[in-house]
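Chemist: Put together the whole structure using the sequences plus the hints.
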Amino acid sequence: MGDTPTKDEVRAGYQAAMAFAMAVTKSKARAEEAVQQAFESLYAGVREWRRAKVAFDVFAIGATRSIISNERKAKREERASKAAEIFQADVGTQAASAEDRTLAHAEEVQRLGGAGSELDALDASIGDHEDAREVLRCRRGTDEPLKAAEIARCTGIPVGRVYRANELLSDHLKKLRARRE
Amino acid sequence: MPKRNPEDVLKDIEDADLDEEMDRVLAMTPQQRRAELEAAGIDPAEVHAKADALYEKMRAKPPGPIPLRTQPNRARVVILVAAVAAIAALVVALMPRLVPNDVATPAPNPPPPPSASASDAIAGDGSAPAHSSRGAP
Numbered sequence: 655m656g657d658t659p660t661k662d663e664v665r666a667g668y669q670a671a672m673a674f675a676m677a678v679t680k681s682k683a684r685a686e687e688a689v690q691q692a693f694e695s696l697y698a699g700v701r702e703w704r705r706a707k708v709a710f711d712v713f714a715i716g717a718t719r720s721i722i723s724n725e726r727k728a729k730r731e732e733r734a735s736k737a738a739e740i741f742q743a744d745v746g747t748q749a750a751s752a753e754d755r756t757l758a759h760a761e762e763v764q765r766l767g768g769a770g771s772e773l774d775a776l777d778a779s780i781g782d783h784e785d786a787r788e789v790l791r792c793r794r795g796t797d798e799p800l801k802a803a804e805i806a807r808c809t810g811i812p813v814g815r816v817y818r819a820n821e822l823l824s825d826h827l828k829k830l831r832a833r834r835e
Numbered sequence: 072m073p074k075r076n077p078e079d080v081l082k083d084i085e086d087a088d089l090d091e092e093m094d095r096v097l098a099m100t101p102q103q104r105r106a107e108l109e110a111a112g113i114d115p116a117e118v119h120a121k122a123d124a125l126y127e128k129m130r131a132k133p134p135g136p137i138p139l140r141t142q143p144n145r146a147r148v149v150i151l152v153a154a155v156a157a158i159a160a161l162v163v164a165l166m167p168r169l170v171p172n173d174v175a176t177p178a179p180n181p182p183p184p185p186s187a188s189a190s191d192a193i194a195g196d197g198s199a200p201a202h203s204s205r206g207a208p
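Line by line, the protein sequences give chains E and F.
Residue numbering for the first sequence is 655 to 835, as defined by my numbering.
Residue numbering for the second sequence is 72 to 208, as defined by my numbering.
Derived from the structure by calculation, the hints contain no laboratory data.
Be aware that a few hints might be false.
Derived DSS-like pairs (lysine-lysine); straight-line CA-CA distance at most 27 Å [what the hints assert, rightly or not]: (1) 801/E / 128/F; (2) 82/F / 829/E; (3) 736/E / 829/E; (4) 707/E / 680/E; (5) 680/E / 74/F; (6) 128/F / 707/E; (7) 74/F / 828/E; (8) 828/E / 661/E; (9) 661/E / 121/F; (10) 729/E / 128/F.
Here are the simulated distance ranges between beta carbons [unchecked claim]: (11) 734/E / 160/F: 44 to 50 Å; (12) 102/F / 684/E: 22 to 28 Å; (13) 709/E / 156/F: 48 to 54 Å; (14) 729/E / 98/F: 26 to 32 Å; (15) 160/F / 736/E: 49 to 55 Å; (16) 821/E / 77/F: 18 to 24 Å.
Covered by chain E, per the in silico footprint, the following chain F stretches (three or more residues, Cβ under 8 Å) [to be verified]: (17) 75-82; (18) 87-99; (19) 107-118; (20) 155-166.
Glycine residues also receive a C-beta, built at the ideal position from the N, C-alpha and C atoms.
Modeler: Below, the structure is given as structure tokens:
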């Protein structure tokens, strides 16, 4: 059974979570929704907070991060589902033979951007931004998710520049997807 | 070193800003967070009011264990076992009725030869039955 935060802890946690969510979503409505869901998951018993383990504001930010990350994941899956529907509609019924269908499928997957080809396209789009290239190489070469400080150790690039490289990679990825869609 | 799945790498890139913002906000003091929210046009009094409403909800229903995923699973297992046992008992009880008689019961023995009195009754016309031992010399 988790601990119950005090009123002051809830205020501090809500404020911290809102500051985080606003910075990420840039939208008051979306930020409030994410923070609300994070707190609901606490009193619904989906998440447990233990005072001895972590401060409540840290817990609240972590729970909100999880909610926003899950929303993004749902959107990615929705996008993938739409791409699959397009393939089914455009290719699946038009190809004459099984071999034709396979070839058409491979082309379509490449066009729609399988994750691997999407990463290759991202790599190509970076140009001469060495930090971003190193960060991407480090991320692709490890077997677990890395925080900025870990990437800094992996690449020898200062953390501040890793943040900027991450931003550039994220921006390029969004632009590539926007162009494709 | 084993490489990550490309989809995971993409997810990491997409969520990198979450980690960065998390680190940044965690490094701030409560006053700095408040100032940042005010700069974004959010009234601190409104933030407190919403936080207080959530606190009241928590007080009304304090965070507890997570029975949603554990207890019902146990209950489901018990119900499942009971249901399987009941079905098995029903099948056993109904088996004799469900299986045809010629399969369920052994074939009857051939009928015994009729007795003399029965033969007499059959042969009511006075003639001796062919199989009767009484008429034999």
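Chemist: Against each hint, give a clear statement of whether it holds in the structure.
Modeler: Verification of the supplied hints:
1. With a CA separation close to 35 Å, the supplied pair residue 801/E and residue 128/F exceeds the 27 Å bound.
2. Pair hint residue 82/F plus residue 829/E holds up; C-alpha atoms about 15 Å apart against a cutoff of 27 Å.
3. For the hint pairing residue 736/E with residue 829/E, the CA-to-CA distance comes to about 19 Å; that is within 27 Å, so the pair holds.
4. Simply put, residue 707/E and residue 680/E have alpha-carbon atoms about 30 Å apart, too far for the 27 Å limit, and the pair is violated.
5. Using a Cα cut-off of 27 Å, the hinted pair residue 680/E and residue 74/F is violated, with the two alpha carbons roughly 33 Å apart.
6. Taking the CA atoms of residue 128/F and residue 707/E, the gap is about 23 Å. The hint holds against a cut of 27 Å.
7. Of the pairs offered as hints, the one joining residue 74/F and residue 828/E holds, with about 23 Å between alpha carbons and a cut-off of 27 Å not exceeded.
8. This hinted pair does not check out: residue 828/E and residue 661/E have alpha carbons roughly 40 Å apart, beyond 27 Å.
9. Proximity of residue 661/E to residue 121/F is assessed by CA-CA distance (about 12 Å); at most 27 Å being required, the pair is judged to hold.
10. For the hint linking residue 729/E to residue 128/F, the alpha-carbon distance of about 30 Å lies beyond 27 Å, and the restraint is violated.
11. Separation of residue 734/E from residue 160/F is about 48 Å and conforms to the stated range, judged on CB atoms against 44 to 50 Å.
12. Residue 102/F and residue 684/E have their C-beta atoms about 25 Å apart, which keeps the hinted 22 to 28 Å range intact.
13. Here the CB-CB span from residue 709/E to residue 156/F is close to 51 Å, well matched to the stated 48 to 54 Å.
14. Restraint check, residue 729/E to residue 98/F: a C-beta distance of roughly 29 Å satisfies the suggested window 26 to 32 Å.
15. For residue 160/F and residue 736/E, the hinted distance range of 49 to 55 Å is satisfied, since their beta carbons lie about 51 Å from each other.
16. Distance hint check: the CB atoms of residue 821/E and residue 77/F are about 20 Å apart, consistent with the given range 18 to 24 Å.
17. Check result for the region 75-82 of chain F against chain E: holds, 8 residues qualifying (beta carbon to beta carbon below 8 Å, three or more required).
18. A stretch counts as covered by a chain when three or more of its residues have a beta carbon under 8 Å from one of that chain; for the region 87-99 of chain F and chain E the count is 12, and the coverage holds.
19. Closer than 8 Å: that is the beta-carbon criterion, and the region 107-118 of chain F has 7 residues meeting it against chain E, so the requirement of 3 holds.
20. Counting residues of the region 155-166 of chain F whose beta-carbon sits less than 8 Å from any beta-carbon of chain E gives 0, not enough to reach three: the coverage restraint is violated.
Against the hints set out earlier in the document, violations occur for numbers 1, 4, 5, 8, 10, 20.
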